[in-house]
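A.B. asks: Sequence:
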Amino acid sequence: MNQKIFLTILISFLISCDNEPVLNPLEYNSNITVQQNLVNGVSVLEILNYNDISSLYGIEYGGGYIFHINESSGNMIVATDYSDIGDVAWGDVFELDTSHSIGDGDINTTLIIEGNQNDNSSNGTEFGSDNYAFKIVDDLDFNGFNDWFIPSSNSMAEIYNNVHSINSGNFDESLIYWSSTKEGYFPYVMAFNFESWGGLPFPGSCLDVNGILIARKIQ
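Numbering (the numbering used here), first residue to last: -16 to 202.
Where hints are given, some of them may not hold.
[As the list claims (entries may be wrong)] Okay, the calculated beta carbon distance ranges per label pair:
(1) Asp191 to Glu10: 24 to 32 Å
(2) Val22 to Asp70: 31 to 39 Å
(3) Thr108 to Ser151: 32 to 40 Å
(4) Gly24 to Thr108: 44 to 52 Å
(5) Glu78 to Leu28: 22 to 30 Å
(6) Asn150 to Gly127: 19 to 27 Å
(7) Glu78 to Gln19: 43 to 51 Å
(8) Leu28 to Phe128: 16 to 24 Å
(9) Asp155 to Ser55: 54 to 62 Å
(10) Glu29 to Gly167: 26 to 34 Å
(11) Glu78 to Ser151: 15 to 23 Å
Calculated directly from the structure, the hints in this document are not laboratory data. Quick caveat, the model's predicted, so the values are computed rather than measured. Here a beta-carbon is modelled for each residue, glycine too, at the ideal position from N, C-alpha and C.
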């Protein structure tokens, strides 16, 4: 090839490359999925400028599936099944009221663990070991994260509505799961079975063994 022609082609190529826009991965890109934007580090609030909040529900991210988003702060809560270890005991039986509110599962989990550290033999039942649901989850390192908790009853319902009902998530319809909500001696539990009472938390028994569903906050 003539050297003059080669240099002309090379210069044209370099000029065309210089004219191509440089994409900032932290800015929303409509040519890729919402999940890919999240992974690239685009903020939730930036994504919501271009998408409905429902577009984020059920996406696998941060170790679980997105089920709750604070539209003011962009904070999220994700959840995932952790039932491969089998059904697990509640722990000590004692009187305690914890919150139903979405996002209070971490506080609930801490309160239940603190209650298990007491001597509950006079007004309840001692479980006798740390191999109970809330301590297992509090000590858990799973999917690359170690800040897991058991969600509240209202969070469980939101997981059902925003994840499971759109055929996302990995929740087992054959199980009953613990929530971290408790009224007196009665813990709230929930199933994910579409055919019966799925999606509606109801009072259970601390003497049962149930599956574990775990959640974590992303801020």
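A.B. asks: Against this structure, judge whether each hint is valid.
C.D. replies: Against the structure, the hints come out as follows:
For Asp191 and Glu10, the hinted distance range of 24 to 32 Å is not satisfied, since their beta carbons lie about 50 Å from each other. Between Val22 and Asp70 the beta carbons are some 34 Å apart, a value that agrees with the proposed interval 31 to 39 Å. Between Thr108 and Ser151 the CB atoms are about 38 Å apart, so this pair conforms to the stated range of 32 to 40 Å. Between Gly24 and Thr108, the C-beta spacing of about 48 Å keeps the proposed range 44 to 52 Å intact.
Taking the beta carbon of each, Glu78 and Leu28 are about 42 Å apart, not inside 22 to 30 Å as hinted. Taking 19 to 27 Å as the suggested C-beta distance range, the pair Asn150 and Gly127 conforms, at roughly 25 Å. Checked against the hint of 43 to 51 Å, the C-beta distance between Glu78 and Gln19 comes to roughly 48 Å, which is consistent with it. Between Leu28 and Phe128, the C-beta spacing of about 22 Å keeps the proposed range 16 to 24 Å intact.
Between Asp155 and Ser55 the C-beta distance comes to about 33 Å, which lies outside the given range of 54 to 62 Å. Checking the proposed 26 to 34 Å range against Glu29 and Gly167 shows it is violated: the Cβ atoms sit about 44 Å from each other. Checked against the given bound of 15 to 23 Å, the beta carbons of Glu78 and Ser151, roughly 37 Å apart, lie outside it.
Hints 1, 5, 9, 10, 11 from the earlier list are contradicted by this structure; the remaining hints agree with it.
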